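Q: Whole structure, please, built from the sequences with the hints as guidance.
The letter at position 183 of the sequence shown is residue 183 when you use my numbering, and the numbering goes up by one with no holes.
Just so you know, these hints were derived from the structure itself, not from any lab. A portion of the hints provided could be inaccurate.
[Stated by the list, open to error] Here are the in silico distance ranges between beta carbons for each label pair:
| hint | residue 1 | residue 2 | range |
| --- | --- | --- | --- |
| 1 | 186 | 51 | 13 to 21 Å |
| 2 | 138 | 45 | 23 to 31 Å |
| 3 | 128 | 166 | 30 to 38 Å |
| 4 | 111 | 263 | 42 to 50 Å |
| 5 | 135 | 263 | 13 to 21 Å |
| 6 | 154 | 247 | 27 to 35 Å |
[Claimed, not checked] Below are the EDC-like pairs computed for lysine to aspartate or glutamate, each with C-alpha atoms no more than 16 Å apart in a straight line:
| hint | residue 1 | residue 2 |
| --- | --- | --- |
| 7 | 254 | 294 |
| 8 | 42 | 96 |
| 9 | 291 | 260 |
| 10 | 42 | 88 |
| 11 | 254 | 292 |
| 12 | 42 | 237 |
| 13 | 291 | 166 |
| 14 | 254 | 205 |
| 15 | 254 | 166 |
| 16 | 254 | 298 |
Bear in mind the structure is a predicted one, so any value in this text is a computation, not a measurement. Ideal Cβ placement from N, Cα and C applies to all residues, glycine included.
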Amino acid sequence: MKTLNYIIICMLLAIITMSCSQENEVTGEKSSLVFTGISTLKDQVPNSLLDESMEGIYHGVVASGSTLSRGKIWVNVANNSNYNALIELADGIFFEFSLNPTSLSEAVNMTIFEFVSNEGHFTLDLSNTGEPEIANIVLLNESFFGRVVKSMSNNMASSATATFSENGNPSFSGTWNLIADGSILNPNGNNGDGITSLLITINGDLFEDFTFDSFNATACLGNSDYFPTLYSYEVPDFTICDYQTTSFAGGTAKWNLSYDQSGQGYVNFFLCENTTAGTFTWTSSDGTIYKEGEILID
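A: Here you go:
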């Protein structure tokens, strides 16, 4: 009888062990699939057959109007026959979205798509393929601004997010976000991507700039006509964007934002000197208010 009981107990333990093992395998498989999905979407190469069509990969930035929350977004519009999206915030939190099938069935000529998740939603309007519009962005009940561009197979779009703040006055602060849509390829001979847009958020308002000036970087880079770039020297997050002018919040800012994450850190390539952050000076339109501050890239 003891032998029989022992055999039964061993069999039960084996079943329990097998069940736990299978559960762990399933859990691990699900985790792997989730991670793979995120990684695949972030690194997915745009389908070259879709470069001239509405479908493909869209990339850009999102930024809160009320806080310093900001991040990057990737949207897959049938690039691989799937419709999904990913938002990854600067603090590492990510949100995965799927297409709302109702929005697809109701879409006029299938140009307006709603992506949803348990944490939020957004709408992508591709009515004008040259000017994709992202709107109604909500994450955890917080409203965001955003901008996306069509990423091309021969030169994928890239972005950089940052925050800015006046020295000693955190009430004058917000987000500072750059996009290179891939249309200005290697403008300086160092394989960087020419920056095409700046998105600033402050106190619930959005300001955008689409004009960037070449500057004299002879002292540091041997280039007297350097066009601002992301992904400079093919280094991820190597931003070179100094001696720029942008109007926002009722004034005009002169700013510098160059950062090499591979070693140099912050550098002003116009003055050819190391700094501790990007910098800006801001003057009100009537000339009565002057501010100085820092821009910190993520």
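Q: If a hint holds in the structure, say so; if it does not, say that too.
A: Results for each hint:
1. 186 <-> 51: 13 to 21 Å: Taking Cβ atoms as reference, residue 186 and residue 51 lie about 18 Å apart, which means the hint holds.
2. 138 <-> 45: 23 to 31 Å: With a Cβ separation near 29 Å, residue 138 and residue 45 satisfy 23 to 31 Å, so the hint holds.
3. 128 <-> 166: 30 to 38 Å: holds (37 Å)
4. 111 <-> 263: 42 to 50 Å: Given range 42 to 50 Å: holds, Cβ gap about 45 Å.
5. 135 <-> 263: 13 to 21 Å: Violated - the Cβ-Cβ distance for residue 135 and residue 263, about 39 Å, lies outside 13 to 21 Å.
6. 154 <-> 247: 27 to 35 Å: Holds - the Cβ-Cβ distance for residue 154 and residue 247, about 33 Å, lies within 27 to 35 Å.
7. 254 <-> 294: holds (12 Å)
8. 42 <-> 96: Judged against 16 Å, a Cα distance of about 11 Å means the pair holds.
9. 291 <-> 260: violated (26 Å)
10. 42 <-> 88: Between residue 42 and residue 88 the Cα gap is close to 9 Å, so the pair holds against 16 Å.
11. 254 <-> 292: holds (10 Å)
12. 42 <-> 237: With Cα atoms ~15 Å apart, residue 42 and residue 237 stay inside 16 Å; holds.
13. 291 <-> 166: holds (6 Å)
14. 254 <-> 205: violated (19 Å)
15. 254 <-> 166: Within the cut-off at roughly 13 Å; holds.
16. 254 <-> 298: violated (20 Å)
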